[in-house]
Amino acid sequence: MKGNWFSRKQLAIPYIMFLILFVVLPLIVVLYYAFTDGDGNVSFENFLHFFQNGKTVGTLVYSVIIALITTVVCLLIAYPVAYILAKGSFCGKHAFLMLFVLPMWINFTLRITAMKEILTVIEGNLAYYQFFNTILCMVYDFLPFMILPLYNTLTKLDKSLIEAAHDLGADKVQVFFKVVLPLSVPGIISGVTMVFLPSMTNYVVLDMIYNSTYIMGSLIGSYFSAYDWHNGSVISIILLAMIFVVTMISNRFTDGDDASAERARRL
Amino acid sequence: MGESLIELKNINKTFDANTVVVEDFSLEVKKGEFITFLGPSGCGKTTILRMLGGFELPTSGQILLNGEDISNLPPNKRPINTVFQKYALFPHLNVYDNVAFGLKLKKMPKAEQDDKVKRALEIVDLEGFEKRDISTLSGGQQQRIAIARAIVNEPEVLLLDEPLSALDYKMRKEMQIELKSMHKKLGITFIFVTHDQEEALTMSDKIVVMADGEIQQIGTPEEIYNEPKNLFVADFIGESNIFKGTMTGDKLVRFCGAQFECVDDYKKGMVIDAVIRPEDIVITTPENGKITGTVLSSDFKGTFYIVVVQSGKNEIEIHNLKHFEPGTKVGLNIDPDNIHIIPYDMTINHYDGRLSALNEEGMVTVQFEDFALNADPVKIYAAMGINAHISEDGMALLDENDVQLSVEGLLVDASFAPSDAQMSDNAEAGVVTGNIISFIYVDDHYRYTVRSKSEEDYIVNDEDLWNQGDYVSVMIPEDKVTYEIIEEQ
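Just so you know, the sequences run in chain order A and B. Under our numbering, the final residue of the first sequence carries the number 270; numbering is consecutive throughout. Under our numbering, the final residue of the second sequence carries the number 1407; numbering is consecutive throughout.
Quick list of in silico lysine-lysine cross-link-like pairs, DSSO-like style, CA-CA up to 27 Å: (1) B:K1024 - A:K162; (2) B:K1022 - A:K181; (3) A:K162 - B:K1025; (4) B:K1049 - B:K1036; (5) B:K1004 - A:K90; (6) A:K90 - B:K995; (7) B:K1004 - A:K181; (8) B:K1049 - A:K181; (9) B:K1049 - A:K162; (10) A:K175 - B:K1028; (11) B:K1024 - A:K175; (12) B:K995 - A:K175; (13) B:K995 - A:K181; (14) B:K1004 - A:K159; (15) A:K162 - B:K995; (16) B:K1034 - A:K175; (17) A:K181 - B:K1036; (18) B:K927 - B:K1124; (19) A:K175 - B:K1004; (20) A:K181 - B:K1025; (21) B:K1028 - A:K181; (22) B:K1022 - A:K162; (23) A:K162 - B:K1004; (24) B:K1024 - A:K181; (25) A:K181 - B:K1034; (26) A:K175 - B:K1022; (27) B:K1004 - B:K1103; (28) B:K1025 - A:K175.
Output of the computed footprint for chain A on chain B, the stretches with three or more beta carbons under 8 Å from beta carbons of chain A: (29) 995-1005; (30) 1016-1027.
These are calculated hints, taken from the structure and not from any lab test. From the three backbone atoms N, C-alpha and C, an ideal C-beta is built for every residue, glycine too.
Looking at chain B on its own, in the form it has when it is part of the complex:
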C-alpha cells in the first residue's frame, strides 16, 4: 500500500449545538485501500462519509486529501464520487445520460464520452444498456449503474454508503465479490460504509469499527475478529461468549469456575473479561473437559449446530458440527490461543459531584450533573484516612486536632459497581433516567449502558432482557457508593 491519501484530523461533528454525532475522529487512509466503516445505525459512520463527500461540513477538525485541506470544499470541487444508498439515479435520464452526467459537465468531447461510458458499463457488466430507461432496471442493475456513474469520472476516492443494503441476500453476496474485484481492477481507494459485519469482514483491507461517533478499533478483518480491543467490538463482530474473570498468575486466567492458560499477559489479580468465540470451544467428554455442563439445546443452522451448555450459572454458546441431545453431560475445552482477554473497564460509573453544607443530621447532599445522593461526610474523609467528627454544635466537620474540614462545595468522585445499580421502568423509582443505548451478555446477566439526557453513561447489570432504546430509571443504592475527594477547596 502506498502513501497516505486522506487524512482525517480530530473531526468533530455536532448537530443543533448539543447532539454529538462524531467525536474526535482521526484516521489515515492509504492510496488504493478498501476501508470499511462498520458500526450500528446512528454511530456516525454515514456522517463521516458525508463529510468526505462534502455534503456535511465538520464542526471542527480537518480533512486532508493529498496533504491539501478540503474540509470546506463543495462536493463538485472534490475528486471524490459517491455511490448513494438508494442509488439516486436521475429518473428523467436514460442509462447513458446518467452515466455521462459527470462527463458532460466537464464538457468532454462526445466521442470520448461514448468511449468512457461504454467502458464503465463493461466494468459493471451492463454493456448495451445505454438506451434503457432507469425505471426498467432491477435493483441490482440500478446499483451497478450507480457505481458506473461514479467510477466513470475516475475519482481518487469512491465512497459507498451502504450500497448493498437494498439488495436481497444472494444478490448482495454476488455484488460483494464483484465490488471487491472492481476495486482490484480500478486500483482506487474505496471507502465503504455498512452495518453488516459479515460484509465488512468479507470485503475490506481495513475495518474501522465505530460506536457512538467514536472509533472503537481499527484493523484488518482478522485483527478485528481475533483480537477485539473492547467488549463492544467483541460483541458486535461475530458471536461471542463473554465471562468475567481474574488473572491468577503468569498467563493464567480463571473464569467459569476453572483455570485456563492464555496468551495475554496481565498482572495477577486483575479483573478481566474473557471473550471466546462459539466456534472455538471444543466439546468433549465430561472427564476430559475443564468445564463441565449440561446441554440445554442444540439447533441446526445449516453448516453447524448451535449448542447451548449450562455450566453452573453460565450459559455457554458453542458452534459444533455434531448434534448433542439436550440433557447430555459434556466437558468443554478452550485452546489458550482462543481466549481473548480484555481488561475489565474499571473507569465505569465514576461521577463528579459537589457536597452541600451539613444538615441537622450531620449528613450532606452530593449534587451530580443528573442526580443528588445523601452521604455521610465522616465516611468520605475516612476513605482518605482522616478521622473526622462533627463539632458539638453540629455546624462543622472537624479532624482529630479540631481543625475545621471543608464540606460545602467539596469536589468528590463517586463510584459504584454495575452490579450494585438497578434498573426500573418506573421513571420515579431511580435517581436518574435515560435510554438503554447498548447491552452485552456477560456470564449470566446483561450489562446495560444507560445514557441520560446530559449524555452521561451509566453501566448497570441486570438479569432481565431489556430492549435497546428502552427508557429506564437507574437506582443507585446510597450505601454502595464510594467517594474519593478530588480537591480540597
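Bound-form chain A, shown alone:
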C-alpha cells in the first residue's frame, strides 16, 4: 500500500528477534539442561532427583501452601474493598483507591524492609510467628494486584443487571450471590492468576525477613549459584508446567464469558 513505510512483516522483525533472543533461546537452554546429565547425555535423572528428595518436594508443597493462603487472604480482603470502591458513591473514593495502589509505586524490597522493621517493633523477635509474618508480607505485597482487576470488573458491571435482578424479586443478598458474584468471576480469575503464580516463586520476601530459602524460586537460585545448572533447570521446568496448568484452568473459566471477561483477562 502506498504511504506505508513498512509492511506488517517488516514491523514484526524486532518483536520476533526479541522473542527468539529472550524467550525461545533461554527456554531451549533450560530444556537442554533439564533433560541432560553432566556429560551431555539425555536423562531423566534430574527429575528423579527432585521428586525423590524429601527436601525439594517439601519446598514445593510449602510454596504451594503459602501461595494458596496468600491468594485466599488477598481475595477475602480485596473483594469487599473493590466492591465498596466500585459501587459506593462517597467522596474521596479515588483517594481511597490510590491508598491501595500507591504502594505499588515503591520498590517492593523497600516495602518489605519497612514491613520487617514494623514487625520487629511489634513482635520484638521475628522468629516467633514465621508463617504468619510470611503470609502477612506476601499479602501486603500482592494485595493491589488482586484489587485492581476486581475493581475493574465490578465498575464495568452493567447496573441495569442489578436493577433487573431486584425487579424480578431478589433482595440485596440474593442480587449479590446470583448476579454480582458470578459476573465478577473473570476479575477473580485474573486476580488469582496475578497473585498465585508470583507468590509461589517470590523468594525475596522470605529471603529478606528470614534469610531462608524454603520456596521454589529460591531453590532455583541456590542451585544456580552452586553452578548446578541441571537441577536448577528441572525446577524451572516444573514451575513452568504449573504456570501452564493454572493458566489453562483460568482460561477454561473465562472462555465462555463475553467481552468483559476478555478485557479482565488482558489486564
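The hints should help you fit chain B onto chain A, whose structure is shown.
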C-alpha cells in the same frame, strides 16, 4: 376499562437539590390499559417509569397501587416488572435460567417453573430456546426473552422502557404489533415509554405527552393528534403548520391573509395560533383557493409528495398525492374541521423585579432574578394612570398632589413580546444567557424557548435557525418593556 390501578399523586423529583426532573406529576392508570409516556429525551418520562419500578424514590408525592402507598417500597416488593431498554439479560445464565430467575426466587416447584417458562416462551414465539446461550441470540430475540422474563412473574403492571429503540425499523414495526397483541392476550397494564411519536400513536390506548418534567396533554392517540392542547404537542406529534392569527368573529379566524371558518369558539379579537396538519391542506386552482401561493419544492416521500408553497411571507408544508412543478401557482383550502386553534399564550415573558432608588437622571434600575434593566419610574406609574413627576431636588417621586410615591423596593411585573427580544451567540451582547431548550416554526420565523441557569424561560422570535442546546444571550430592548406595579410597599 375497569377501576384505577395506579395513582400518581403530585410526584416531584429533583436531583442534586436543584435539577428538577419531574414536576407535579399526577396521573391515574386504569387496569388493563396500554399507556404511553411520550416526550423528547430528558423530559422525565424514564424517571417516572423508574419511580414506578422502585429504582428511584420520589422527592415528594405518592404512588398508589390498588389504593396502597408503594412510594418507598423496594423493587423486589412490588408486583411490577420491567423490560429494560438494553434488555439487561443475565449473560451468565441461559434462556431458561433468565426467564425462570423470578420464579426460582419465589421457590416455585421445578415442574411448575418448567411449565410457566414454556408458556412464557410460547407467548414471545421462542419455543424451544430454553437451552440457548444469551450471546447467541439476535437483538429481537433478546428483546423477546426480556419480555418473557418479565411476564412470567404475572405482574399487575409491566413497565417497558423504550424497549424497541435498539431494533431496526422492520423489526420494530413487527414488535409493535406483537406487543399490542400480547397486551390483549395478557390483559395486564402496560406502561410504555418512548420518544417515537409514531410508535406511541400506533400502540397506546392513552398517551401522556411530557416535556420538561410536566404533563402537556393526556388523551387517546386520536385526541392527541387531532386536538393538541398546546403548540408543543402540536409540533411534537406529527408535522404541523403553525400560523399566528386572530379571531375575527363567531367561529371565524384570520391567518395567512385570509379568513377561515373554524369549529373552535373563542372571543373575537383574541390572538391565537392556528395549527394545520400538512395532509389537511387541499391544493386547488388559484381561483378556487382561499390562499394563493407558488410551489417552492415538491419531494417524493414514498406514499406522498411534500409540497412546499410560498404564500406571502409564509411557507406552507402540504402532503399531497400529486406532484406539482416548482413555480406553479396554486390555491389552498382548509376544511373548518382541520383548523385547530390554540389560544396564544399571553403569559410568556413576564418577570418580577424590584426597583432601585432614583438615580441622578431620575431613572431607576429594575433588578430581576437574571438581569437588570433601566426604566423610567414616571412611565411605570403612568401605566397605572398616576401622573407622577420627579421632585425638584431630584430625590423623590411625587404624584399630582405632591404626595411621595414609593420607588425603591417596589415590586413590578415586566413583560415584552417575543418579537421584540433578540438572540445573539455573543454572551456579552444580551442581558441574560441560557440554552435553547425548544423551538417551533410559526408563520415565517422560529419561536425559541431559552432557559437561563436560574430556570427562567425566555421566549424569543428569530428568523434564523439555531440548534437545540445552543448557548445564546437574549437582548431585551429597554424601551419595549412594559411594566405593571404588582404591590405598593
